[in-house]
Amino acid sequence: MQDSMSADNGKPDGVLRGSSIIAEIKASRIEFVVSLPDITTSEGLLRPLSQSTIPRLIRVCKEDEGVGICAGLSYTERRSLLLIQQTGLLDSINAVRGVAVEYALPICMMVGLLQKKNPASRRRNRDAMACGSSSLFLMPWGSRITRSKRRPTWERSNRPSTMPMHKAGLWCC
Amino acid sequence: MMKRDECLKVLARHITGADIVLPVYSAAFDWIDIRPHPLNYLSHGAMGLASSHALGLALGRPDRRIIVLDGDGSLLMNLGSLVTIVAAAPRNLYHLVCQNGTYEANGGHPIPGRDLVDFCGFARSAGYPTVREFSDLKIFEQRIGGLLSEVGPVFVDLKISSSGPQERDYSRLHGPHVRKAFREALAAG
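Top line first, the protein sequences correspond to chains H and V. The first sequence stops at residue 195 when you use this note's numbering, and every number in between is there. The second sequence stops at residue 192 when you use this note's numbering, and every number in between is there.
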């Protein structure tokens, strides 16, 4: 996973950093991050987010709770981000279907993918989430994290979106 | 034991035009007949999530009271939400559970442990600062107004029996017009 931001801390160009993502989360006016810890995003994203007051971190016990919380927030015009791991996404499929998809709510999920060394295993993981590599970086509200080529389409979207992340893309964190 | 519709009629007298109410399943069908209002939040999408939707609303609109009328079977599906709610500490969230011991909307089968489960115990253990249980309608009538003026989160267990047969037209809960009306009413105020 790459973006166009410059390197810092000696990390090479083109690597998406936790600090970059947090900057974009703030730039996207996300006020609440609803989360369960995920090993992929734990240090680079969740740890620093937990140490700041904006956005406010809401810790949940199970990921589908987070879908409901983000849904409620969406009606109040407050932006939120559901930061979870892939197993939590899969466990929450009924909530994603019933709440986010059926009601077409702008629920944004940032999903850490467990690192699998076996390419076939990685592919099965993505297939299970109906998430091919071509649809990886969806995010509503036009964050610069998204690939610029498709950004105009996403900016217009108020549909639920997922944003899986490879650990490899966060090794700077 | 209180009949659910009688209990909800009492509650309705304490609900203002600014309050948001989230009733689920059988309570929802009773509620929308007792108090039809655009600020009834009826589309929960997945069983058990009403309290989570309520927390989102409570965080997003701290200026309004958020009253969730949960079911016992529904809450059992999302017990962790009790802990999450207490941790988030919304001062405007009132979590009422209609405990009839059954999955009434799904054939009336008993919930697991129906004679053992202690919802107030769950709430106390999760850390709710205010926890009450009612099984007598007159006492509920005397106390509910005061409870709704306390600082939340507040947890109330209502020992109820069914209101009787219902016509369950789920489009009244999940239809897009319901959400549109809610969104517009909330945005207006």
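Keep in mind that the hints were calculated from the coordinates and are not lab data. One or more hints might be untrue.
As the list claims (entries may be wrong) - Quick list of the computed label-pair ranges, beta carbon to beta carbon:
{"hint": "1", "chain 1": "H", "residue 1": "Leu136", "chain 2": "V", "residue 2": "Ser128", "range": "44 to 52 Å"}
{"hint": "2", "chain 1": "V", "residue 1": "Ser128", "chain 2": "H", "residue 2": "Pro70", "range": "54 to 62 Å"}
{"hint": "3", "chain 1": "V", "residue 1": "Gly111", "chain 2": "H", "residue 2": "Pro70", "range": "35 to 43 Å"}
{"hint": "4", "chain 1": "V", "residue 1": "Asp66", "chain 2": "H", "residue 2": "Asn116", "range": "25 to 33 Å"}
{"hint": "5", "chain 1": "H", "residue 1": "Pro59", "chain 2": "V", "residue 2": "Val120", "range": "47 to 55 Å"}
{"hint": "6", "chain 1": "V", "residue 1": "His180", "chain 2": "H", "residue 2": "Arg119", "range": "18 to 26 Å"}
{"hint": "7", "chain 1": "V", "residue 1": "Gly148", "chain 2": "H", "residue 2": "Ala45", "range": "26 to 34 Å"}
{"hint": "8", "chain 1": "H", "residue 1": "Lys48", "chain 2": "V", "residue 2": "Ile142", "range": "35 to 43 Å"}
{"hint": "9", "chain 1": "V", "residue 1": "His40", "chain 2": "H", "residue 2": "Glu99", "range": "37 to 45 Å"}
{"hint": "10", "chain 1": "V", "residue 1": "Gln169", "chain 2": "H", "residue 2": "Asp113", "range": "26 to 34 Å"}
{"hint": "11", "chain 1": "H", "residue 1": "Lys48", "chain 2": "V", "residue 2": "Lys183", "range": "28 to 36 Å"}
{"hint": "12", "chain 1": "V", "residue 1": "Gly130", "chain 2": "H", "residue 2": "Thr75", "range": "16 to 24 Å"}
Even for Gly, the Cβ is constructed at its ideal location relative to N, Cα and C.
So, going through the hints one by one against the coordinates:
Separation of H/Leu136 from V/Ser128 is about 32 Å and departs from the stated range, judged on CB atoms against 44 to 52 Å. Hint check: V/Ser128 to H/Pro70, Cβ distance near 32 Å, so the stated range 54 to 62 Å is violated. Between V/Gly111 and H/Pro70 the Cβ separation comes to about 50 Å, which falls outside the hinted range of 35 to 43 Å. Here the CB-CB span from V/Asp66 to H/Asn116 is close to 32 Å, well matched to the stated 25 to 33 Å.
Range check, H/Pro59 to V/Val120: Cβ separation about 29 Å, and the 47 to 55 Å hint is violated. For V/His180 and H/Arg119, the Cβ-Cβ distance of about 21 Å falls inside the hinted range of 18 to 26 Å, so the restraint holds. At about 48 Å, the beta-carbon gap between V/Gly148 and H/Ala45 misses the expected band of 26 to 34 Å. Checking the proposed 35 to 43 Å range against H/Lys48 and V/Ile142 shows it is violated: the Cβ atoms sit about 49 Å from each other.
Separated by about 20 Å at the C-beta atoms, V/His40 and H/Glu99 break the suggested range of 37 to 45 Å. One distance hint, 26 to 34 Å for the beta-carbon pair V/Gln169 and H/Asp113, holds here, with the actual separation near 32 Å. The given range of 28 to 36 Å is respected by H/Lys48 and V/Lys183, whose C-beta atoms sit roughly 31 Å from each other. Distance hint check for V/Gly130 and H/Thr75: the Cβ-Cβ separation is about 22 Å, which falls inside the suggested range of 16 to 24 Å.
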